[in-house]
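Number of protein chains: 2
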Amino acid sequence: MDTKRKELVEELMQRQRLAALLFWRPDELVMMLGYMPLWGVSVLFYPAEGQAVLFVPELEPEDILPAGIEVRKYPWGVLDGRDPWVVLYKAIRDELAKRSPGGGRVSFIRNIGGSAPCRMSGEQPPLPPDLAEQLERVSDAGWSDAGGELAGLYEQKTATDVAGLEKTHRIAAHAVEVFYREVEKGHTEALLAAQVESAVQEASGGPGISFAKAWPMVQSGRNSADAGKFNRSTNKVIQSGELVVLEMGLCVEGYWADITRTAVAGEATDLHRRMYDAVIGAQRAAYGLLRPGVAMREVDKAARDYIRDAGFGGYFPHGLGHQTGFRYHDPGDTLSPFSTGVLREGMVVTVEPGIYGEALGGGLRIEDNVLITAEGYRILSESHRELKGKNHGN
Amino acid sequence: MDTKRKELVEELMQRQRLAALLFWRPDELVMMLGYMPLWGVSVLFYPAEGQAVLFVPELEPEDILPAGIEVRKYPWGVLDGRDPWVVLYKAIRDELAKRSPGGGRVSFIRNIGGSAPCRMSGEQPPLPPDLAEQLERVSDAGWSDAGGELAGLYEQKTATDVAGLEKTHRIAAHAVEVFYREVEKGHTEALLAAQVESAVQEASGGPGISFAKAWPMVQSGRNSADAGKFNRSTNKVIQSGELVVLEMGLCVEGYWADITRTAVAGEATDLHRRMYDAVIGAQRAAYGLLRPGVAMREVDKAARDYIRDAGFGGYFPHGLGHQTGFRYHDPGDTLSPFSTGVLREGMVVTVEPGIYGEALGGGLRIEDNVLITAEGYRILSESHRELKGKNHGN
Numbered sequence: 005m006d007t008k009r010k011e012l013v014e015e016l017m018q019r020q021r022l023a024a025l026l027f028w029r030p031d032e033l034v035m036m037l038g039y040m041p042l043w044g045v046s047v048l049f050y051p052a053e054g055q056a057v058l059f060v061p062e063l064e065p066e067d068i069l070p071a072g073i074e075v076r077k078y079p080w081g082v083l084d085g086r087d088p089w090v091v092l093y094k095a096i097r098d099e100l101a102k103r104s105p106g107g108g109r110v111s112f113i114r115n116i117g118g119s120a121p122c123r124m125s126g127e128q129p130p131l132p133p134d135l136a137e138q139l140e141r142v143s144d145a146g147w148s149d150a151g152g153e154l155a156g157l158y159e160q161k162t163a164t165d166v167a168g169l170e171k172t173h174r175i176a177a178h179a180v181e182v183f184y185r186e187v188e189k190g191h192t193e194a195l196l197a198a199q200v201e202s203a204v205q206e207a208s209g210g211p212g213i214s215f216a217k218a219w220p221m222v223q224s225g226r227n228s229a230d231a232g233k234f235n236r237s238t239n240k241v242i243q244s245g246e247l248v249v250l251e252m253g254l255c256v257e258g259y260w261a262d263i264t265r266t267a268v269a270g271e272a273t274d275l276h277r278r279m280y281d282a283v284i285g286a287q288r289a290a291y292g293l294l295r296p297g298v299a300m301r302e303v304d305k306a307a308r309d310y311i312r313d314a315g316f317g318g319y320f321p322h323g324l325g326h327q328t329g330f331r332y333h334d335p336g337d338t339l340s341p342f343s344t345g346v347l348r349e350g351m352v353v354t355v356e357p358g359i360y361g362e363a364l365g366g367g368l369r370i371e372d373n374v375l376i377t378a379e380g381y382r383i384l385s386e387s388h389r390e391l392k393g394k395n396h397g398n
Numbered sequence: 005m006d007t008k009r010k011e012l013v014e015e016l017m018q019r020q021r022l023a024a025l026l027f028w029r030p031d032e033l034v035m036m037l038g039y040m041p042l043w044g045v046s047v048l049f050y051p052a053e054g055q056a057v058l059f060v061p062e063l064e065p066e067d068i069l070p071a072g073i074e075v076r077k078y079p080w081g082v083l084d085g086r087d088p089w090v091v092l093y094k095a096i097r098d099e100l101a102k103r104s105p106g107g108g109r110v111s112f113i114r115n116i117g118g119s120a121p122c123r124m125s126g127e128q129p130p131l132p133p134d135l136a137e138q139l140e141r142v143s144d145a146g147w148s149d150a151g152g153e154l155a156g157l158y159e160q161k162t163a164t165d166v167a168g169l170e171k172t173h174r175i176a177a178h179a180v181e182v183f184y185r186e187v188e189k190g191h192t193e194a195l196l197a198a199q200v201e202s203a204v205q206e207a208s209g210g211p212g213i214s215f216a217k218a219w220p221m222v223q224s225g226r227n228s229a230d231a232g233k234f235n236r237s238t239n240k241v242i243q244s245g246e247l248v249v250l251e252m253g254l255c256v257e258g259y260w261a262d263i264t265r266t267a268v269a270g271e272a273t274d275l276h277r278r279m280y281d282a283v284i285g286a287q288r289a290a291y292g293l294l295r296p297g298v299a300m301r302e303v304d305k306a307a308r309d310y311i312r313d314a315g316f317g318g319y320f321p322h323g324l325g326h327q328t329g330f331r332y333h334d335p336g337d338t339l340s341p342f343s344t345g346v347l348r349e350g351m352v353v354t355v356e357p358g359i360y361g362e363a364l365g366g367g368l369r370i371e372d373n374v375l376i377t378a379e380g381y382r383i384l385s386e387s388h389r390e391l392k393g394k395n396h397g398n
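Here the protein sequences come in this chain order: A and B.
Per our numbering, residue 5 is the first one in the first sequence, and the count goes up by one each step.
Per our numbering, residue 5 is the first one in the second sequence, and the count goes up by one each step.
Derived by calculation from the structure, the hints in this document are not laboratory data.
Cβ coordinates follow ideal geometry from the N, Cα and C atoms, glycine included.
Just so you know, not all the hints are guaranteed correct.
[As the list claims (entries may be wrong)] The calculated EDC-like cross-link candidates involving lysine to aspartate or glutamate, where the alpha carbons are at most 16 Å apart (straight line), are:
1) B:Lys240 with A:Asp67
2) A:Lys233 with B:Asp67
3) A:Lys240 with B:Asp67
4) A:Lys94 with A:Glu15
5) A:Lys305 with B:Asp87
6) B:Lys77 with B:Asp98
7) B:Lys10 with B:Glu181
8) B:Lys233 with A:Asp144
9) B:Lys233 with A:Glu62
10) B:Lys305 with A:Asp84
11) B:Lys77 with B:Asp67
12) A:Lys233 with B:Glu62
13) A:Lys102 with A:Asp87
14) B:Lys233 with A:Glu66
15) A:Lys233 with B:Asp84
16) A:Lys77 with A:Asp67
17) B:Lys233 with A:Asp84
18) A:Lys240 with A:Asp281
19) A:Lys77 with A:Asp98
20) B:Lys240 with B:Glu181
21) B:Lys392 with B:Glu181
22) B:Lys171 with B:Glu257
23) A:Lys392 with A:Asp84
24) A:Lys94 with A:Glu140
25) A:Lys233 with B:Glu66
26) B:Lys94 with B:Glu153
27) B:Lys392 with B:Glu62
28) A:Lys94 with A:Glu137
29) B:Lys102 with B:Glu62
30) B:Lys77 with B:Asp87
31) B:Lys171 with B:Glu386
32) B:Lys94 with B:Glu137
33) B:Lys392 with B:Asp281
34) A:Lys102 with A:Glu66
35) A:Lys233 with A:Glu53
36) B:Lys189 with B:Glu137
[Said to hold, decoys possible] Here are some chain A residues the structure puts well away from chain B; computed CB gaps all over 10 Å:
37) Arg226
38) Thr273
39) Tyr291
40) Val346
Could you put together the complete structure from these sequences and hints?
Here is the structure:
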């Protein structure tokens, strides 16, 4: 477990006089242990006194389990008619009683707007409906709301998290290359998205990578005019002269990137270049403000003003960015006109200005992921982002 | 909306004296309207009196909205600082007051073990944590628990649902062909999975298909011995002479298939054939019992006994099947030794016997999806399921 994360969590427990914290969402387990569960029914018991215990189902693969922590199996998925949850709740209760004989309060995040998917991302984990209520009862002293501060753990990426994110962004860069290589070839949007998706999936099982999956969406020509409202792919064939927007969430080992690139298939028009320059300029204007202590709405404003001054004021309908890393969209304050948040060291935010309009014949967005550092910022998503691919003319 | 579905829902409301039902989970909206939401924040208001109203976010694509129902936008995703949910709750409250001036109780499924993903399957929809509590309050008469009976709607697929499932299974059959075509080529598990995934994604935007996505996982050789416990792909290269298991959930327009095929790369051994014959025989034994009124645990028993009699008694560690169609795994009774359920017309169940063991050098499972009909059953997943591909010898 990352030293900084350990320190943050233990300080929180001390400040709030908690006997233990519980974590079970896939994104929480990645944050705490760098462990992305397969089934999504693992629970971390993290006590103030003594060592933590990770409860995993009998069916969890051994090779994805984290090192340096006691792992205990419980009989989820075993065909013996027992209720595995009853076994689990009792085991946690017993652990807590051992560590805090006089009793003590537990806390966990009761609700945080869903969660990242587990490795089995085709469905939500089959958690029992009363999980939170049952976990409250593992302590006679009950549950304590550590809500805001506990959720704040998402907003601080450690050195371990940054290393995880760098791995994700290396694969993202490869996927972006595939996008630029294939964008001129007259594919449908869906086929181009499939090629990008496949490029990421192929990395699964590569060196140090047991899970890689992407959710790419491609919108071209008139469809790209909608890319400020939604993203998805259709069977529309990509034509020469069109803007082509790739929006992509991708997850590698539990760490997420959220990337957008826009290419032109064929020749870019003057309007395309003006739109591109406005968006890149807006990104630079935002970067100029990125450092700890700056109000997040000021960053949005800098980008928004730049786009307005470039003559595209009515064409940027969404916020400038949001936090990311443990999910496609992390919880926490956003870069938007209505934000009350302040940048802090360790945050990872997207910076994603866009210009879209039927009147413009399409839309264009560039989205990068940026780490806030003590001195300012560092772009994590350093891949090609020109209108034209590196080896495909200009 | 399907006539049968309408009838089932309206009978339920009458029996339980409800003024309205509310639905918001992606799988519920598919069941009610054949509509798979993009963002996952749409809500269906279905009153006992008068016409239903579907509330969708401003940002929802027009072309995926269902026909034949009033659609009303609410300002989710619009950058104006308003709380879209407050607008939505009030709109539902006003509709209810119009239809039931004297007041009346509403119901919805409070919890049903998660949901299927929306089109943006990389994360759960950003629903507010107190959604259920707020929806309770749209009626002064409060919420009424229609739980079991309401959840029972999942267990009855209508003609419309069957047509949707047939479309999904046509694409599944294509994906299975890609699997058999590529299994001999010395790929890694992850690359073979990527090719299958890509074949499904390419169908997105095809005729009548606006969404297609697959979650394929490939396990080969020694890894296939684990396929009774979990599924995932690794970077292991598939070798000649190995068993290769493809497990795949796939979703087309909101309708799910859950398929397993096992191929042999190269020559099958006698043991492989014995395992295969036992699994196919177990499926046939189960099929012999499939008709309305039969206890689900008896179906499991027939397959389990067959496998035991074939000499593989200790190697079938999981239940025979579960319901599917609106999700990868639908809620409801399962085919297992501990099931108390009874087969009913309109159910769709998986039939997925498997044999796995280190001692056997690997694992093998065949999984099909079967509709229970008035007379018996119909297999929906009629694609190739031999150990060897059609055009690849043997």
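Verification of the supplied hints:
1. With a CA separation close to 14 Å, the supplied pair B:Lys240 and A:Asp67 stays within the 16 Å bound.
2. Under the criterion of a C-alpha separation no larger than 16 Å, the hint pairing A:Lys233 with B:Asp67 is consistent with the structure, at around 14 Å.
3. The straight-line distance between the Cα atoms of A:Lys240 and B:Asp67 is roughly 14 Å, inside the 16 Å bound, and the hint therefore holds.
4. Of the pairs offered as hints, the one joining A:Lys94 and A:Glu15 is violated, with about 27 Å between alpha carbons and a cut-off of 16 Å exceeded.
5. For the given pair, A:Lys305 sits about 21 Å from B:Asp87 by alpha-carbon distance, which is inconsistent with the 16 Å threshold.
6. At most 16 Å may separate the alpha-carbon atoms for a hinted pair to count; B:Lys77 and B:Asp98 meet this at roughly 15 Å.
7. The hinted pair formed by B:Lys10 and B:Glu181 fails the criterion: a straight-line CA distance of about 37 Å is larger than 16 Å.
8. Between the alpha carbons of B:Lys233 and A:Asp144 the distance comes to roughly 35 Å, so the proposed pair goes past 16 Å and is violated.
9. Distance restraint check for B:Lys233 and A:Glu62: the Cα-Cα separation of roughly 8 Å lies within the 16 Å cut-off, and the hinted pair is therefore satisfied.
10. Distance hint between B:Lys305 and A:Asp84 is fulfilled; the C-alpha atoms sit about 14 Å from each other, no more than 16 Å.
11. Of the pairs offered as hints, the one joining B:Lys77 and B:Asp67 holds, with about 14 Å between alpha carbons and a cut-off of 16 Å not exceeded.
12. For a cut-off of 16 Å, the pair hint linking A:Lys233 to B:Glu62 stands: about 8 Å separates their Cα positions.
13. Taken as a hint, the A:Lys102 and A:Asp87 pair is broken in the structure, with Cα atoms around 23 Å apart against an allowance of 16 Å.
14. Proximity of B:Lys233 to A:Glu66 is assessed by CA-CA distance (about 11 Å); at most 16 Å being required, the pair is judged to hold.
15. With a C-alpha separation of about 14 Å, the suggested pairing of A:Lys233 with B:Asp84 holds against the 16 Å cut-off.
16. About 14 Å separates the Cα atoms of A:Lys77 and A:Asp67, which keeps this hinted pair within 16 Å; it holds.
17. For the proposed pair B:Lys233 and A:Asp84, the alpha carbon gap of about 14 Å is at most 16 Å, so the pair holds.
18. Only pairs whose Cα atoms come within 16 Å are accepted, and A:Lys240 paired with A:Asp281 is rejected, the gap being roughly 27 Å.
19. For the hint pairing A:Lys77 with A:Asp98, the CA-to-CA distance comes to about 15 Å; that is within 16 Å, so the pair holds.
20. Using a Cα cut-off of 16 Å, the hinted pair B:Lys240 and B:Glu181 is violated, with the two alpha carbons roughly 22 Å apart.
21. As the CA atoms of B:Lys392 and B:Glu181 are separated by approximately 11 Å, the hinted pair is consistent with the 16 Å bound.
22. For the suggested pair B:Lys171 and B:Glu257, the alpha carbons sit about 9 Å apart, so the restraint of at most 16 Å is met.
23. The suggested pairing of A:Lys392 with A:Asp84 is violated, with an alpha-carbon distance near 59 Å, which exceeds 16 Å.
24. For the proposed pair A:Lys94 and A:Glu140, the alpha carbon gap of about 12 Å is at most 16 Å, so the pair holds.
25. For the hint linking A:Lys233 to B:Glu66, the alpha-carbon distance of about 11 Å falls within 16 Å, and the restraint holds.
26. Only pairs whose Cα atoms come within 16 Å are accepted, and B:Lys94 paired with B:Glu153 is rejected, the gap being roughly 28 Å.
27. Taking the CA atoms of B:Lys392 and B:Glu62, the gap is near 50 Å; set against the 16 Å cutoff, the hint is violated.
28. Under the criterion of a C-alpha separation no larger than 16 Å, the hint pairing A:Lys94 with A:Glu137 is consistent with the structure, at around 14 Å.
29. Distance check on the hinted pair: B:Lys102 and B:Glu62 sit about 24 Å apart at the alpha-carbon level, beyond 16 Å; violated.
30. Taking the CA atoms of B:Lys77 and B:Asp87, the gap is near 14 Å; set against the 16 Å cutoff, the hint holds.
31. For the hint linking B:Lys171 to B:Glu386, the alpha-carbon distance of about 12 Å falls within 16 Å, and the restraint holds.
32. As the CA atoms of B:Lys94 and B:Glu137 are separated by approximately 14 Å, the hinted pair is consistent with the 16 Å bound.
33. Distance restraint check for B:Lys392 and B:Asp281: the Cα-Cα separation of roughly 13 Å lies within the 16 Å cut-off, and the hinted pair is therefore satisfied.
34. Proximity of A:Lys102 to A:Glu66 is assessed by CA-CA distance (about 27 Å); at most 16 Å being required, the pair is judged violated.
35. Of the pairs offered as hints, the one joining A:Lys233 and A:Glu53 is violated, with about 49 Å between alpha carbons and a cut-off of 16 Å exceeded.
36. Taking the CA atoms of B:Lys189 and B:Glu137, the gap is about 54 Å. The hint is violated against a cut of 16 Å.
37. The claim that A:Arg226 lies off the interface holds: its Cβ sits roughly 12 Å from the closest Cβ of chain B, which is beyond the 10 Å cut-off.
38. At roughly 26 Å, the least C-beta separation between A:Thr273 and chain B is larger than 10 Å, which holds for a residue marked as non-interface.
39. Non-interface status of A:Tyr291 relative to chain B is upheld: no Cβ of that chain comes within 10 Å, the nearest being about 22 Å off.
40. Separation of A:Val346 from chain B is adequate, the least Cβ-Cβ distance of about 19 Å exceeding the 10 Å criterion.
When each numbered hint is compared with the structure, violations occur for hints 4, 5, 7, 8, 13, 18, 20, 23, 26, 27, 29, 34, 35 and 36.
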